[in-house]
Amino acid sequence: MQRFSAFHPISSFLYLISAVCITMFSRNIVIAAISIVAAFVFYLSLKATQSVWIYPLIFLLTAITNPIFSHNGVTVLFFLNGNPITLEAFVYGVYLGAVIIAVLLWFSCYNTVITSDKFLCLFGAVMPKAALTISMALRLVPQFISGGREMLEIQNSIIPIRCGIIKRVKKHIAIFSCLITRSLEGAVEQLSSMKARGYGLHKRVSYSRFRFTFADFLLLIYTITGFVYIVFFSGLLNYNYYPEMDKINFDVSYILCAVFLLMPTAINLWGEIKWKYSISKI
Amino acid sequence: MSVLKKTIASILLLIAVPITVILSYTLFSNNRYDIASLIIAVLSTLAFVLSFEKNAANGKLVAVIAVMIALSVAGRFVFSPIPFFKPVTSIVIITALYFGGECGFITGAFSALLSNFYFGQGPWTPFQMMVWGLVGLLSGVLARYIIKNKLTISLWGIFSGVFYSMVMDIWTTLWADGGFNVERYFAFFATSLPIMAVYAVSNVVFLLLMTKPIGKKLQRIKTKYGI
Amino acid sequence: MEILNLENLSFKYSTGQDYAINNINLTVEEGEILLLCGSSGSGKTTLLKLIKKELSPVGELNGKITLFGNPRDNENSCDVGLVMQNPHNQIVTDKVWHELAFGLENLGIDKNTIRLRTGEMASFLGISSWFDKNTSELSGGQTQILNLASVMAMQPRLLLLDEPVSQLDPIAAREFLNAVTRLNRETGTTVIMTEHRLEDAFVLADRVAVMENGRIKYCDTPKSIAEQIIKDKASPLFNSLPASSRIYAMTNGDGECPIDVRQGRAYLRKAFEGKYIKQNIEKAKMNNRQRIIKLHNIHFRYQKNTPDVLRQLDLDVYKGESLCILGANGAGKSTLLRMLSGGIKPYIGKMKSDNKHRISMLPQRAELVFLKDNLLEDLTECCKEIGYSDKDGAEKIAQLSQVFNISNLFDRHPYDLSGGETQRAALTKLMLKNPDVLLLDEPTKGIDPNGKKELTGLIKAMCKQGVTVITVTHDIEFSAQTADRCALLFNGEIISCSAPQSFFCGNCFYTTDANRISRGIIDNAVTCEDVAKMWKASEE
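Protein chains in written order, with the working numbering: chain A, 1 to 282; chain B, 1 to 227; chain C, 1 to 540.
Hints may be right or wrong, so weigh each one.
Capping the alpha-carbon separation at 20 Å, the derived lysine-lysine pairs in PhoX-like fashion look like this [stated by the list, open to error]:
#	chain 1	residue 1	chain 2	residue 2
1	B	Lys216	B	Lys150
2	B	Lys60	C	Lys384
3	C	Lys433	B	Lys224
4	A	Lys170	C	Lys372
5	C	Lys372	C	Lys453
6	B	Lys60	A	Lys170
7	A	Lys167	C	Lys372
8	A	Lys171	C	Lys433
9	B	Lys60	C	Lys52
10	C	Lys345	C	Lys333
11	A	Lys171	C	Lys12
12	C	Lys384	A	Lys170
13	B	Lys224	C	Lys384
14	A	Lys170	B	Lys224
15	C	Lys384	A	Lys171
16	C	Lys372	B	Lys217
17	A	Lys118	C	Lys111
18	C	Lys12	A	Lys167
19	C	Lys464	C	Lys445
Covered by chain A, per the in silico footprint, the following chain B stretches (three or more residues, Cβ under 8 Å) [said to hold, decoys possible]:
#	stretch
20	64-72
21	113-121
22	137-143
23	157-165
24	201-215
Calculated from the structure, these hints are not laboratory results.
Model, not experiment: these values are computed from the prediction.
Virtual Cβ for every residue (Gly too), placed ideally from N, Cα, C.
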């Protein structure tokens with residue numbers, strides 16, 4: 001049971017964005033590590049499908065290349081082409097890689113939790129016209145893609161597209177401009193269908209199917225207090241790598257930060273347990 | 001009325017930008033250009049979307065803009081056999097040429113947003129929205145000069161391809177480095193040169209072939225619906 | 001209560017010369033279903049649009065339109081709902097539930113009422129099971145039902161339908177019309193509908209108005225209208241009539257004109273009193289023909305872990321025959337066509353063809369065949385790409401355009417042509433490369449009965465020249481007219497394949513109206529013409 005996905009978009013969206021912001025704002029390698037772990041277990045609990053196999057590669061690349069570009073720091077490990085490679089620069093690279101991976105992981109979760117209709121619900125409340133535009137475009141995209149593929153297949157069956165990049169580009173462009181003509185014609189018809197249903201006569205409201213419950217309210221409060229505490233009061237986010245690395249001392253705020261970031265996983269696990277329990281009762 | 005709102009939006013933008021810069025300076029002892037740039041991107045995009053929202057004349061345009069956005073996203077799939085040869089920028093430019101800068105910005109920004117619904121949202125979304133939006137905005141503002149003849153259109157196509165690529169490289173540097181490292185920027189810039197060339201070429205090809213025919217159709221819709 | 005009253009209504013488009021609507025007087029009572037019919041260009045659509053204030057075209061309007069007792073312009077716009085022809089172009093948003101709510105959002109109604117009304121409408125029209133889907137995943141029939149539902153969610157008092165089923169297959173069309181009938185019977189909504197396919201619409205209408213050149217020629221009950229059309233002899237609407245009425249006309253019937261199968265049987269029983277006629281079934285003679293394609297034990301699926309779309313499929317195709325493949329939605333018809341055209345390959349089984357055949361395929365939306373803005377330019381370009389010299393190409397185009405009767409359309413934009421014209425133009429383009437096999441995908445969609453008759457003639461002419469025509473269709477009547485052999489595709493396999501006569505006479509439900517009407521009275525008659533022939537024979 002993915003209980004977290006059932007929260008109202010406002011709460012889940014704000015939570016995810018706060019998690020990303022905390023990760024990005026922090027310069028602290030410990031928080032980056034906590035964030036990676038939290039995002040990854042959340043990613044697992046969501047059974048998300050976005051592939052992550054490339055992330056370790058990005059991490060390695062960032063960690064290794066940073067000392068090549070940055071020569072700050074006092075602890076010189078060795079010289080490369082006459083340039084000093086420092087421990088600080090290396091650690092900083094590791095930190096950068098960790099933040100990038102953590103943010104990417106959070107966004108993989110975001111892409112699973114915040115579906116397009118949740119996003120539109122959020123922005124429809126503030127900007128109904130923009131939300132309508134996006135909704136209309138979202139409907140058209142798959143229609144145009146399949147339309148384009150169909151036309152390509154048909155044209156190919158009439159006269160096979162010959163090799164040669166220029167010929168291919170030419171054919172594709174001809175098909176695409178046909179697609180444009182047809183779509184613009186469709187837009188005209190669509191506009192009359194919209195007018196026929198009273199579009200533009202009154203002030204439009206934006207309807208969404210989500211209801212804001214007490215649980216959503218609680219998550220919202222939790223998100224705001226947690227975010228404000230960690231960013232402004234915990235003092236964890238500041239950390240210096242150059243010229244010398246700051247010492248890392250244990251602080252109870254680390255635990256609070258971990259609790260904050262692990263919340264969605266806990267919510268999902270709780271949902272899972274409740275589900276199992278309710279099944280065993282049947 | 002709409003003029004007033006537009007001025008308010010731009011004033012807000014003018015105030016918001018320095019505030020965020022100062023904010024990001026004072027909040028963090030280090031120079032966090034990455035976060036500052038992200039905040040600028042979010043706020044400036046929001047400002048334009050809000051001004052689009054408040055402009056009542058756009059009601060009728062919604063259907064056409066939605067089509068243009070969908071076309072630019074679908075174009076990425078239709079042209080998938082030809083790598084990096086994508087019509088997105090050209091469609092944004094053409095929309096801007098005929099419907100003005102504001103619609104251009106919206107088409108550009110929402111094309112970025114929408115294609116990320118398919119390819120995955122990320123921290124790059126706001127920045128991408130802003131850059132494509134800016135391409136649209138500039139094309140709308142300079143429409144008179146761009147549409148003059150084939151040469152100016154081609155030059156604009158090349159410029160927008162280079163512009164997009166260079167600005168996105170800034171983001172990549174900030175994102176991968178935490179600060180702005182010039183060496184790293186040039187490294188990214190050098191690796192993206194061939195892609196940038198294909199962008200520029202595809203922009204020129206698309207613009208030369210499509211500006212006139214699509215423009216004719218857009219113009220017809222414009223007069224038909226009194227936009 | 002009068003819902004609509006038109007008084008001396010005339011209308012001229014600002015771009016046109018003649019009156020599109022010419023002095024029309026019409027009254028529609030509450031709870032009525034009025035069917036407006038007439039050939040294309042008779043002014044049906046213009047009339048509907050004039051009733052709907054927001055879509056009223058620009059031009060010179062004389063006379064009075066009164067809606068619900070008030071002049072049209074004072075009326076609340078959501079009291080008149082409109083569903084148009086093309087299902088897909090009317091959808092606005094990306095989710096089904098959002099589409100249902102779209103009109104209500106425009107009216108500024110509060111959230112809870114919207115929730116209630118969308119839910120109510122969805123359960124009434126059976127949308128609940130796909131309420132959460134994306135609108136782009138729906139079939140044409142579902143899409144049109146959704147259009148109807150989202151208009152009805154606004155609770156209009158008058159529902160206008162502009163050829164709502166012309167783009168749907170016959171089964172989806174019947175479903176849509178059933179939904180309209182239910183709405184009318186159970187909520188009392190008044191309906192005005194235009195349509196040129198009368199078979200299904202005729203039965204449910206309370207009154208029918210026939211339009212010609214912007215005038216209402218007759219307006220009466222369906223029965224008397226059918227009688228009028230039959231009396232009229234040359235009426236272009238004759239082919240649109242239900243099979244029972246056509247049989248009645250062809251057998252010089254007297255008494256009341258039947259308009260559905262039940263009445264048709266009663267009429268025929270009386271006319272053939274005591275006689276029982278059995279026609280001999282002609283066997284399809286294929287043994288002396290050359291077999292050009294052989295499909296044996298074909299299996300196909302789109303993805304590794306999806307079920308088979310085609311399984312154990314066997315099919316032989318002979319040179320110069322017209323083969324119709326029938327089957328319900330999702331039976332695998334389009335997949336089979338794609339396999340025949342070489343687009344996909346089976347994972348088990350083999351498709352053998354004697355030599356490399358040139359295959360051309362006419363897609364469902366025939367306009368997709370064209371790329372240029374001008375028909376002649378498109379055809380010339382195609383000739384060039386095939387490799388004809390300029391002179392040969394021009395000759396070829398001239399010759400084919402005569403056959404397909406499109407010479408007068410050369411200067412037009414391919415997208416501006418009517419359904420039948422587009423199809424003929426597309427066939428011309430496909431025939432340019434002299435194909436041996438022509439595949440037609442649902443060619444009767446959006447084509448009026450006269451167009452179908454013309455198409456039947458063209459297909460027969462092409463077969464005579466040795467072209468093999470394979471048609472995939474839902475249209476039973478059309479296949480009975482056109483095919484040398486019919487094949488029924490069910491669940492991925494061909495379960496029956498024979499000449500139309502034996503094919504349809506063996507089926508009880510999956511058969512033509514004429515067969516259902518004549519079964520047990522005249523055996524083995526499949527088309528109205530068959531019945532008429534047997535009747536003539538028995539008279540002598």
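Hints versus structure:
1. For the hint linking B:Lys216 to B:Lys150, the alpha-carbon distance of about 16 Å falls within 20 Å, and the restraint holds.
2. With a C-alpha separation of about 42 Å, the suggested pair B:Lys60 and C:Lys384 falls outside the 20 Å cut-off, and the hint is violated.
3. Our distance criterion of 20 Å between C-alpha atoms is broken by C:Lys433 and B:Lys224, whose separation comes to about 40 Å.
4. Distance restraint check for A:Lys170 and C:Lys372: the Cα-Cα separation of roughly 13 Å lies within the 20 Å cut-off, and the hinted pair is therefore satisfied.
5. A C-alpha spacing of about 29 Å is found between C:Lys372 and C:Lys453, which places the hinted pair above 20 Å, so the restraint is violated.
6. With a CA separation close to 33 Å, the supplied pair B:Lys60 and A:Lys170 exceeds the 20 Å bound.
7. A C-alpha spacing of about 16 Å is found between A:Lys167 and C:Lys372, which places the hinted pair at or below 20 Å, so the restraint holds.
8. Distance restraint check for A:Lys171 and C:Lys433: the Cα-Cα separation of roughly 19 Å lies within the 20 Å cut-off, and the hinted pair is therefore satisfied.
9. Between B:Lys60 and C:Lys52, the direct Cα distance comes to roughly 19 Å. Compliance with the 20 Å bound is thereby established for this hinted pair.
10. Distance restraint check for C:Lys345 and C:Lys333: the Cα-Cα separation of roughly 15 Å lies within the 20 Å cut-off, and the hinted pair is therefore satisfied.
11. Taken as a hint, the A:Lys171 and C:Lys12 pair is broken in the structure, with Cα atoms around 42 Å apart against an allowance of 20 Å.
12. Taking the CA atoms of C:Lys384 and A:Lys170, the gap is near 15 Å; set against the 20 Å cutoff, the hint holds.
13. A threshold of 20 Å between alpha carbons decides the hint, and for B:Lys224 with C:Lys384 the separation of about 37 Å lies outside it, so the pair is violated.
14. A distance of roughly 31 Å separates the Cα atoms of A:Lys170 and B:Lys224; the hinted pair therefore is violated under the 20 Å criterion.
15. Of the pairs offered as hints, the one joining C:Lys384 and A:Lys171 holds, with about 15 Å between alpha carbons and a cut-off of 20 Å not exceeded.
16. Using a Cα cut-off of 20 Å, the hinted pair C:Lys372 and B:Lys217 holds, with the two alpha carbons roughly 15 Å apart.
17. The hinted pair formed by A:Lys118 and C:Lys111 meets the criterion: a straight-line CA distance of about 16 Å does not exceed 20 Å.
18. As the CA atoms of C:Lys12 and A:Lys167 are separated by approximately 48 Å, the hinted pair breaks the 20 Å bound.
19. Simply put, C:Lys464 and C:Lys445 have alpha-carbon atoms about 24 Å apart, too far for the 20 Å limit, and the pair is violated.
20. Only residues whose beta carbon comes within less than 8 Å of a beta carbon in chain A count, and the stretch 64-72 of chain B has 7; three or more means the coverage holds.
21. A stretch counts as covered by a chain when three or more of its residues have a beta carbon under 8 Å from one of that chain; for the stretch 113-121 of chain B and chain A the count is 6, and the coverage holds.
22. A stretch counts as covered by a chain when three or more of its residues have a beta carbon under 8 Å from one of that chain; for the stretch 137-143 of chain B and chain A the count is 0, and the coverage is violated.
23. Counting residues of the stretch 157-165 of chain B whose beta carbon lies closer than 8 Å to any beta carbon of chain A gives 0, which falls short of the minimum of three for the stated coverage.
24. Against chain A, the stretch 201-215 of chain B contributes 6 residues with a C-beta closer than 8 Å to a partner C-beta. That satisfies the three-residue criterion, and the hint holds.
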